[in-house]
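2 protein chains.
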Amino acid sequence: MRPAELTPSQARAEFRAGLRTPTAGCSAGWTQANLLVLPRAQAYDFLLFAQRNPRSCPVLDVTEPGETAASIFDGDLRTDLPAYRVYRDGALVEELGDITGLWRDDLVSFLIGCSFTFEAALLEAGVPVRHLEQGRNVPMYRTNRECRPAGKLSGPLVVSMRPIPAEQVATAVRVTSRYPAVHGAPVHVGSPGELGVRDLDAPDFGEAVEVRPGEVPVFWACGVTPQAAVMRSAPPLAIGHAPGHMAITDARDSDHLVP
Amino acid sequence: MRPAELTPSQARAEFRAGLRTPTAGCSAGWTQANLLVLPRAQAYDFLLFAQRNPRSCPVLDVTEPGETAASIFDGDLRTDLPAYRVYRDGALVEELGDITGLWRDDLVSFLIGCSFTFEAALLEAGVPVRHLEQGRNVPMYRTNRECRPAGKLSGPLVVSMRPIPAEQVATAVRVTSRYPAVHGAPVHVGSPGELGVRDLDAPDFGEAVEVRPGEVPVFWACGVTPQAAVMRSAPPLAIGHAPGHMAITDARDSDHLVP
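Chains as they are written, first to last, in UniProt numbering: chain A, 1 to 259; chain B, 1 to 259.
It is worth saying that the hints were derived from the structure and are not from the lab.
You can trust all of the hints, since none of them are fake.
All copies of an identical chain are treated as equivalent in the list; a pair is satisfied when it fits inside any one copy or across any two copies.
Think about it this way: if two alpha-carbon atoms lie no more than 20 Å apart in a straight line, the pair counts; the simulated SDA-like pairs of lysine to any residue are:
1. K152 x P54
2. K152 x P235
3. K152 x E67
4. K152 x R40
These numbers were taken from a predicted model, which means no experiment stands behind them.
Put together the whole structure using the sequences plus the hints.
Dropping the structure here:
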């Protein structure tokens, strides 16, 4: 079966059995999410940070401490993602295919929206998505804008960039603004310098993509923002998905569409 | 000056000076908000409850512990509302015009969206708002639907009801769905019995209004929901605004409009 045709539970079973692969293109129409696992002692600051920075940290679901499933994820959050990254005191210490051995009763899991959802909508609207065309990861940049801090959490806004033909910028804004739960409308159109982005060819995360004549760089708030903030605040333990190896949820992409 | 023409800071100065009056019609175009003040120890459960029940608990702003202003409220949250209600262990113990004497460094203030914002939009769209016509408080009902609990917090969904002429129900849905930060689209149209509401003339909160022939009762998630949950969970201290005596914020109603 092609990955796009797997149901979320079928895809999760494959990952649970050991398959370790990026999830782009998996389970078409089903929402993929960023995972962040934190001890309960750090959970309030993160939830408040997300409330204050909803564009970059759209929270889709939060577990009770110790719970290993979520209302939109009827699987096991410890085993059913293809790969995890473990951070201690803000530093990446290992990448694992299973975090059962690290599990504790005080761990809270956050599922955070990711822009895969609106990229499908952009394509449907005839707007090109360059990094998909080029088979690359989306380019992401640290900006000169600070997020609103919350408790001990602070960090810069991180943005993703997609080059959009000038005559389709309005369409791209219109389409993505209907998905506020997965970053929504762009935070900036054109003028990378104003965001403190000096060189589009040197992204801080992901890979550079081609910007063609007549195209405008359009910037969206990015799901790497919460990770950047969590890393700066250096909690004793934090676990995230490995980049590109997302949680495949039981929510439909269409659930996030506003009228 | 008429109350509608007061700027938010002028209105807050009047309340700070002792004016004790409901805020309906004050500072037209500026967002009014429900206030809930809780000790930091209870704040995570409430913030999570709100995240899980966004229709009834749309959080507009949250302070750091001890802060007396908020990003959308450039005043003093202890003095600048017309009246406050103080609850201890879930029981209402007093109503005050000023809570400075109760203030502590661990208190967190939540500002929560209220439906005044979308009522103005309904009127502009030509949809009648009966309780405004009749000069009454909106009728509110406890339903048989439980909110998603969070930690120690649980409670029933509370709804407000507005009778809408059948030919304008679609307009009312369309208009209010553009305001997700202030309860958004209805949760139920018609059929009060299915929500466990036996008698529209006997609301649990507020006042009954006339339902005319050809009108359909339309139900929206209500800002009383968080108070009902907080009261059931009986925190040692909680402070709210007195019903109808809202926080007048520096946010514009139009800030909450989605495309």
